[in-house]
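With the hints as constraints, model all of the structure from the sequences given.
If you read the sequence shown in our numbering, its first letter stands for residue 122, the second for the next number, and so on.
Calculated from the structure, these hints are not laboratory results. One or more of the hints may lead you astray.
To be verified - Each computed DSS-like pair below joins lysine-lysine, with the alpha-carbon atoms no more than 30 Å apart:
no., residue 1, residue 2
1, K160, K175
2, K175, K162
3, K129, K139
4, K144, K131
5, K170, K157
6, K170, K159
7, K141, K157
8, K214, K198
9, K141, K126
10, K126, K144
11, K202, K214
12, K144, K157
13, K128, K139
14, K210, K198
15, K168, K157
Treat the numbers as computed from the prediction; the structure is a model and nothing was measured.
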Amino acid sequence: MVQGKFKKQKLPDNVKIKSKKNKGVAFTRRHNAPVKIKKNKFNEAAKIKETLSKTVNRSVEEEIRHLSTDGQVNLSKSQEKVAKHHKTKAEEK
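Written out as C-alpha cells, the structure reads:
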C-alpha cells in the first residue's frame, strides 16, 4: 500500500447521508431595502443653513437701522416749515 492513500470505506447503513439544501436567493440591498440618497440630506442641511442666515441678517439689519435712526427726531410737515423759517431768519442776521 502506498503511503498517504486511504482506503475507501463503506459507511454503515444506519448513518444517513446529508442532502444538500438549495440556498435561497441572496439578499439584494437595492431591491429589498433601498438606501436613501445622501444628496437629499445635504440639500436639506443647505436649505436650513440658508434660511437661518437670511433671518439672522434680516434681524441684524433691522437692529442697525433702529440704532442709526434712534437719535433723529421725525418732524411733521408744519414743524419742518417752522424750523426752516427760523433757520433762514437766523442766517439773515
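Structure-based check of all given hints:
1. K160 with K175: Roughly 22 Å separates the two Cα atoms, so the pair holds.
2. K175 with K162: holds, 20 Å
3. K129 with K139: The given pair, whose Cα atoms are some 18 Å apart, holds under the 30 Å limit.
4. K144 with K131: Given pair K144, K131 holds - Cα atoms ~29 Å apart, limit 30 Å.
5. K170 with K157: holds, 21 Å
6. K170 with K159: holds, 17 Å
7. K141 with K157: Violated. K141 to K157 sits at ~38 Å, over the 30 Å cutoff.
8. K214 with K198: At roughly 25 Å apart (the allowed maximum being 30 Å), K198 and K214 satisfy the hint.
9. K141 with K126: Holds, at about 27 Å.
10. K126 with K144: With a Cα-Cα distance of about 34 Å, the restraint between K126 and K144 is violated, given a limit of 30 Å.
11. K202 with K214: holds, 19 Å
12. K144 with K157: It holds: about 29 Å lies between the C-alpha atoms, which stays within 30 Å.
13. K128 with K139: OK: K128 and K139 at ~22 Å, within 30 Å.
14. K210 with K198: With Cα atoms ~19 Å apart, K210 and K198 stay inside 30 Å; holds.
15. K168 with K157: holds, 18 Å
Hint violations for this structure: numbers 7 and 10, all remaining hints satisfied.
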